[in-house]
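Now for the letters of each chain:
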Amino acid sequence: MRRLALALLLLGATAEARESSFALMSPETQAMQREDSANPGMLWVEEGRALWDSAGCAGCHGDVAGMRGVAARYPAFDAAPIDLAGRIAQCQEARQHRTPFPRESEEALALAAVIGLQSRGIPVNPPDDPRLAPALARGEALYRERRGQLDLSCAQCHDANAGRHLAGSPIPEAHPTGYPLYRLEWQGMGSLQRRLRNCMTGVRSEPYAYGAPEYVAIELFLMRRAAGMAVETPAVRP
Amino acid sequence: MSSPSLSRSGIERRALGAGLLAVVLARPARADRPGLREAVLGFTGGAEPAEAGVTLDIPPLVENGNTVPVTIAVESPMTDAEHVLRIALFNERNPQPHVVTARLGPRAGRARLSTRMRLATSQRLVAVAEMSDGSFRAANADVIVTLAACVEG
Amino acid sequence: MARVLINLPRTARRGEVIEIRTLIQHVMETGYRPRADGSVAPRDIITHFACLYNNEEVFAAELAPAIAANPFLSFSLVAAESGILAFTWTGDNGFEQTETRSLTVT
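Residue numbers (the numbering used here), protein chains in the order written: chain A, 1 to 238; chain B, 239 to 391; chain C, 392 to 497.
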């Protein structure tokens with residue numbers, strides 16, 4: 001399975017000349033992601049596996065293995081564009097009639113991690129739904145829009161200067177294939193929205209609130225841009 | 239009446255002065271910690287460890303000091319007659335010199351330990367092994383911690 | 392209960408040296424980190440780990456705040472006889488957790 005994941009990863013990198021930021025990491029950090037028994041993200045996966053049963057997900061969905069491929073198909077459309085974390089919260093609220101786990105809580109990350117793991121190695125494939133078109137266009141516009149006191153857009157780093165260095169750090173191509181992921185800097189698990197907030201505060205702009213439609217739009221654009229690359233959840237990043 | 243630019247540089251100088259003061263005030267707390275050598279000699283009971291038979295494996299250049307993989311291996315047959323009793327790791331520039339001390343014996347089969355540590359900054363590390371014959375062996379490594387460009391906060 | 396991952400073979404040949412990997416979910420708060428309000432977050436770490444093989448200690452470790460969050464430890468032991476491996480982590484604020492795994496030696 002791991003080998004398959006890696007093969008797909010390499011295929012994605014070479015066939016379409018796109019590169020997961022996995023390739024930019026040190027061999028030590030790569031090993032941490034590659035070996036499940038060394039990957040701290042797997043602690044959240046285990047937590048998510050327990051929650052899958054205790055929080056009642058299994059009652060409708062059965063074994064979590066049945067969620068294979070699901071995480072690769074988000075963001076999707078359901079009344080509005082929705083990301084996987086939003087879908088989990090919506091499921092808890094509308095179907096289970098309970099207060100959803102807050103975004104970025106350990107529980108929410110754990111559930112997203114165990115669902116994401118079921119798609120590891122599967123190519124990213126967000127739905128080609130015409131109702132998503134406005135959000136996709138908005139996401140691309142936000143990605144290219146200069147913002148903050150540094151007056152920088154996402155594209156200026158991650159398209160125009162990808163592969164080069166900012167201080168000691170290589171600039172990745174910004175393919176969000178491994179979320180939620182374990183970041184050594186965070187010493188914990190975090191979502192793509194947390195990373196997007198980092199980037200926004202990094203260029204000294206006001207970040208959106210967690211769950212904001214702008215984040216979902218950016219994620220939609222990025223996942224469409226990463227289509228065909230392998231899901232890596234739970235990835236490890238420096 | 240000083241010009242705006244002068245008064246601003248005055249403010250900057252004061253801010254810089256406050257910054258230096260903070261560093262000076264913060265220093266003694268860190269300086270109170272035993273040095274790397276004291277920590278090693280504390281572990282060995284004053285004996286000088288021999289620089290042989292220990293491998294300290296840590297990346298020379300790390301991407302993030304919060305989680306740095308480190309492996310220590312000691313050459314030993316790990317028999318009842320001849321084995322490693324303890325392996326300890328010390329650092330030079332964290333707030334405390336101690337990182338980890340492992341206790342093992344012949345039932346471990348191999349004198350090898352891996353963990354992940356924090357490095358406050360670029361510094362030297364020393365791994366020391368206590369052998370069953372009462373001798374000590376050591377290895378050291380220098381690590382450079384690069385600062386990430388895009389950190390949270 | 393903190394989540395724990397323990398990796399070891401289910402079976403081993405007598406005399407074989409096996410590798411064990413453990414990961415446990417823990418913040419390992421150093422006691423040096425200033426919080427947003429300027430106060431220092433009190434230390435909250437795992438201070439001790441032990442692995443008992445049929446009630447006999449085969450490996451133990453004292454951990455300092457320099458150990459990274461979600462502590463990872465990898466070590467080895469000689470598969471001598473079938474039995475139970477008990478892994479115990481203890482630490483600040485009364486933290487204590489024990490996990491057991493069985494090992495079949497052939």
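None of these hints come from the bench; they were simulated from the model. Careful, some of the hints might be misleading.
To be verified - Example chain A residues on the side facing chain C (calculated, C-beta under 8 angstroms, incomplete):
no.: 1; residue: ALA38
no.: 2; residue: GLU47
no.: 3; residue: ASN125
no.: 4; residue: GLY190
No residue lacks a Cβ here, since even glycine has one placed at the ideal position from N, Cα and C.
Each hint tested on the structure:
1. ALA38: Result: holds, 6 angstroms to nearest chain C Cβ.
2. GLU47: holds (5 angstroms)
3. ASN125: Constraint on ASN125 of chain A not satisfied, violated at 30 angstroms.
4. GLY190: Violated: closest Cβ of chain C sits about 13 angstroms from GLY190 of chain A, beyond 8 angstroms.
Of the numbered hints listed earlier, those contradicted by the structure are 3 and 4.
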